[in-house]
Amino acid sequence: MLNKLKGMKDGAIALFIRSFANEKLSQYGAIDDCQVDTAGARVQLRLRLKGELEPITVAIERYELERIGDERFIRLKSFSSSREWIGVALNQRLADKQFKLPAAVASLL
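Read left to right, the sequence shown gives residues 0 to 108 (this note's numbering).
It is worth saying that the hints were derived from the structure and are not from the lab.
Be aware that one or more of the hints could be misleading.
What the hints assert, rightly or not - Straight-line Cα separation of at most 25 Å, DSS-like style, residue types lysine-lysine; simulated pairs:
(1) 96 to 23
(2) 23 to 76
(3) 76 to 8
(4) 76 to 99
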């Protein structure tokens, strides 16, 4: 029963991430799939980037959730990708950055 609830929660978060990211990143491509593992603090994305023949994978290998007052934040800790240079760029630019979570997502966590 608890595994089923966890799966539903992870699925709802993945749906939000996919929708939100596709809106923000549409000029670069689209996210085909998003898998969230809240127990392992991991997110994996499969993306179709414009100009690329094959989809790529990008993973947030670790994240941390933080609460400051009434607000929830996510701190992205490390990344990997099927394209090495993308993993390196994400780690250089986004690792250890903190982002405020929308209320709809924060309520699921």
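For which of the previously enumerated hints does the structure constitute a violation, in increasing order of number? Those not satisfied: there are none.
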